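S.K.: Residue strings, one per chain:
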Amino acid sequence: MSDRHPRLIVLTTTIIALVFTVLPLPTWLAIVRPAFLVLTVLYWSIMIPRAGGLLLGYASGLALDVFQGSLLGEHGLALAFVTYLAIRLHLLMRAKPLFEQSLFVFAALMVYEFLLWVIDGWSGHPLSTPTRWVHAFTGALIWPLVVGILGRFRTSR
Amino acid sequence: MAVFGPDVDRPLYGRGPSVGLRFTVYAILSIVLMYYDQHGHWVQRLHYALDAAAYPVQVAVSSPRAAWNWMTQSFQTRDALQAENKRLHDQLLALEMSVVRQDALEQENAELRGLRAALPPFIKKWQLAEIISVETNPLRQRVVINKGTADGVTLNQAVVDGSGVLGQVARVGPWSAEVILVTDPEHAIPVEVTRNSLRSIAVGSGNTGELLLPYLAINSDVKGGDLLVSSGLGGVFPSGLPVARISGVRREPNQLLAQVRATPLAHVERDREVVLLQFEPSHPAAPAPTPPIAPEVAPVAKPAPKISDPDE
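First to last, the protein sequences are chains A and B.
Residues in the first sequence are numbered from 1 upward in steps of one, following the numbering used here.
Residues in the second sequence are numbered from 158 upward in steps of one, following the numbering used here.
Take these hints with a grain of salt, some might be off.
[Stated by the list, open to error] If we take Cβ atoms under 7 Å as the criterion, some of the chain A residues that face chain B in the derived model are:
hint, residue
1, Leu54
2, Tyr58
3, Thr131
[Said to hold, decoys possible] Calculated Cβ distances over 10 Å to all of chain B for the following chain A residues:
hint, residue
4, Thr12
5, Met93
6, Ser123
7, Phe137
8, Val147
9, Gly151
[Claimed, not checked] Stretches of chain A that chain B covers, calculated by requiring three or more beta carbons in the stretch to come under 8 Å of a beta carbon on chain B:
hint, stretch
10, 14-25
11, 66-74
Since the hints were derived computationally from the structure, they do not count as laboratory data.
Values in this document were obtained by computation on a predicted structure and should not be read as measured data.
Glycine is no exception: its CB is placed at the ideal position from the N, C-alpha and C atoms.
Same shape as in the complex, but just chain B (with noise of 0.2 Å):
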């Protein structure tokens, strides 16, 4: 890769191979790891070893911030956390009003497809992860959650918050994952508007507020408000997660696609704690039984082609 001269260095170093030398050994090193990385073997796992000796270091230095929100908790005022309780008081009652709407639904919507019994709950086990490490920067959105292999977390699980999908996790480690964002330019999450079931896929635009769809048609039946949910294709999210709302659509006359950007529901930026899905795979609502994404590419959940009737 470089030339190396005679070695001035020599005299100064005295004994021990030459810097040029020394410099050439750790780049074919880096290569060679890199390469195995890349394509998944045995440096993997040593990735994997890496992480767990590296997790108690991130722990201490995402500490400062959890301190912060530890003070300012333990400091609320009495009126702040009354007013809290009774916000949260009156969405349970609300939640349980939509819940007993839903069974209801549920059951009904089983009758028509001809299923004898009501199906079994749709999410299998969900489970509550902290956030240890927040990246957002134009090129990588990701955050690091304080579960890993060790808790049963896989590879490619949907990851979201109380009011949307946050992304799925990209690499696990054995007492934390790392899980890729939607809003991560190298994100992509199949969507359908719920309001005419358009389905297109949104792309992470490398803000923490936006989605990008650049695939649509200029004339396409999209506008400001619509809501955009999971589409259940590509094998990662099920479908009907609500993910983002349409916030603008431009269409410019001479071209064959409208600029459609979209908010996530999800607060990316203000989320202390995720949830962690498992899906029943039996269920109609799984994600596609497409095969799983292979570790080595990109975990971007890429459109499949449309599934079968689910009840066939």
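Extracted from the complex, chain A is given alone in its bound form (with noise of 0.2 Å):
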């Protein structure tokens, strides 16, 4: 099924990513809580460039601007850059074991959330604190977890 339909697969998953990215959670809960979409979007860059591709990150990221009321782009940059990173790296990334693909999955992250924070500063939201930088060590830690579910989904047929 995934061999014929990847494309479906890979939106589907984006988009429940999605959601779980924007669903309205307690303070605390939302400051751990781990970049789902950038981690499914990284997913699907190493695993299958094809399917989903640059445009794939920058699409999500465009709607992460829409939903969070960010400026229209920012998070379209971000993702867009972390994605490119992840296509660029594919093959090296796949034949890593899980944790060193948890390492890269950390700096991608830390990386995205550093042009987040340099566009902030410059568009004039300087405020930043130092709880932003928390899901990056979440998302690193869930990672295998991400490939297990994301894997199930591209080895049924």
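If you follow the hints, you should be able to join the two separate chains into one complex; please do so.
M.R.: Okay, structure coming up:
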């Protein structure tokens, strides 16, 4: 099934991830909530770069901008950049054990948040707290879980 | 922004431009979008249209919470309902009593000010709106409500709940609007202490239960328990709306400014419904007629110079 309709699976899982990302949660949970959308886009960029590709990352980022009320293009740019990284390194990443993948994911999430932080400062929202970086840790921690769940979609035929 | 080496991915993709080139295109597109969104051009209209498209999804996403609220309300016990009914009844009586007094005071006030007729009602229109999504993190304290331009909501409209000021409208979509809460770190509200009319500015702390008053001198006359009401400066909030109560004052001898904290009176975390207010602009208690805050700057109510006497 996934071989014939990889795009469908990619799109469906990305939309579900978007819903989990914008779901209203209590403050403390929202702080530790991993960036599900970024993780999903990273996964598909590494595993099937042809199905989603850069456009998936960019479009997801723009959707995030609309839902979170940030500047249009802010998340788009940040997410397109980490998607670009993932696509460039996808052959390398696929061969790595999960632990090293998690380290890469951590770095990618930090880069993503760094870009958002830079754009925030540049556009006149210079306030920042250390808590904004927390999701990079939790994201790297649940990466094996993401691989497990999304991998199930990929291999189901 | 980045130098892209020879394209190693081309064999995989076969056709179409390289990933690096496409990323560059998206990056430039993003920067153009952000620039024009920031400076309020056609992109804002695009953003507005996208807001409208996102609205059904927002409603769907917050539906579990709404369903839970509905469930808890439907299965309340009879005793609980009766108790609530009694409480509301008592509250109504108390409010009626205070309204009677208020009318007399208003009349007296009008006479003292030398006005011939009593003033028009101060609040021209109030509108109930439901909260459909909440974002309370240390960087952004916003709620989305289910009323937009279609219902006459305008930018920088004051939003209150039953007990105090909640915030102001920061962004309006066709059927929804985003409200920046007083506790958002980018929000500031001009306030005065009711006890002695001391004016200051209360800034959001990023924490749902706290406001900060960072501009009070160390010898200023504030103490715990003081009530803060909006001072009417700044052009957004009218004077006299309750905002917060001082929860703590710390004075360190080696500093010029006191560290003052206050607890907002509005139940930011618990509210489901909010009230949007529209004022009679000719009323003396209406916000000072400063020029409206341009949409492209952060919706912060800045302190305006003292207004002239309203009845001159």
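S.K.: Is serine 123 of chain A truly not at the interface, in the sense that its beta carbon sits beyond 10 Å from all beta carbons of chain B?
M.R.: Its Cβ does come within 10 Å of chain B, the nearest being 5 Å, so this is violated.
S.K.: Is the claim that threonine 12 of chain A lies outside the interface with chain B correct, judged by CB distances over 10 Å?
M.R.: It holds; threonine 12 of chain A is separated from chain B by about 15 Å at its closest Cβ, greater than 10 Å.
S.K.: Taking the closest pair, is the beta carbon of methionine 93 of chain A still more than 10 Å from chain B?
M.R.: 14 Å, holds
S.K.: Taking 10 Å as the cut and beta carbons as the points, is glycine 151 of chain A off the interface with chain B?
M.R.: It holds; glycine 151 of chain A is separated from chain B by about 21 Å at its closest Cβ, greater than 10 Å.
S.K.: Within the stretch 14-25 of chain A, is the number of residues with a Cβ closer than 8 Å to a Cβ of chain B three or more?
M.R.: holds (count 4)
S.K.: Grab the minimum beta-carbon distance between phenylalanine 137 of chain A and chain B and tell me whether it stays above 10 Å.
M.R.: 16 Å, holds
S.K.: Identify whether the interface hint at threonine 131 of chain A stands, where standing means a beta carbon of chain B within less than 7 Å of its own.
M.R.: With a minimum Cβ separation of about 5 Å from chain B (threshold 7 Å), the hint on threonine 131 of chain A holds.
S.K.: Apply the coverage criterion to the stretch 66-74 of chain A and chain B: a residue qualifies when its Cβ sits closer than 8 Å to a Cβ of the chain, and three qualifying residues are needed.
M.R.: holds (count 8)
S.K.: Tell me if leucine 54 of chain A is really an interface residue toward chain B, meaning its C-beta lies closer than 7 Å to one of theirs.
M.R.: 5 Å, holds
S.K.: Hold the hint about tyrosine 58 of chain A up to the distance rule: shortest CB distance to chain B must be less than 7 Å.
M.R.: 5 Å, holds
S.K.: Is the Cβ of valine 147 of chain A more than 10 Å away from each Cβ in chain B?
M.R.: 21 Å, holds
Hint violations for this structure: number 6 only, all remaining hints satisfied.
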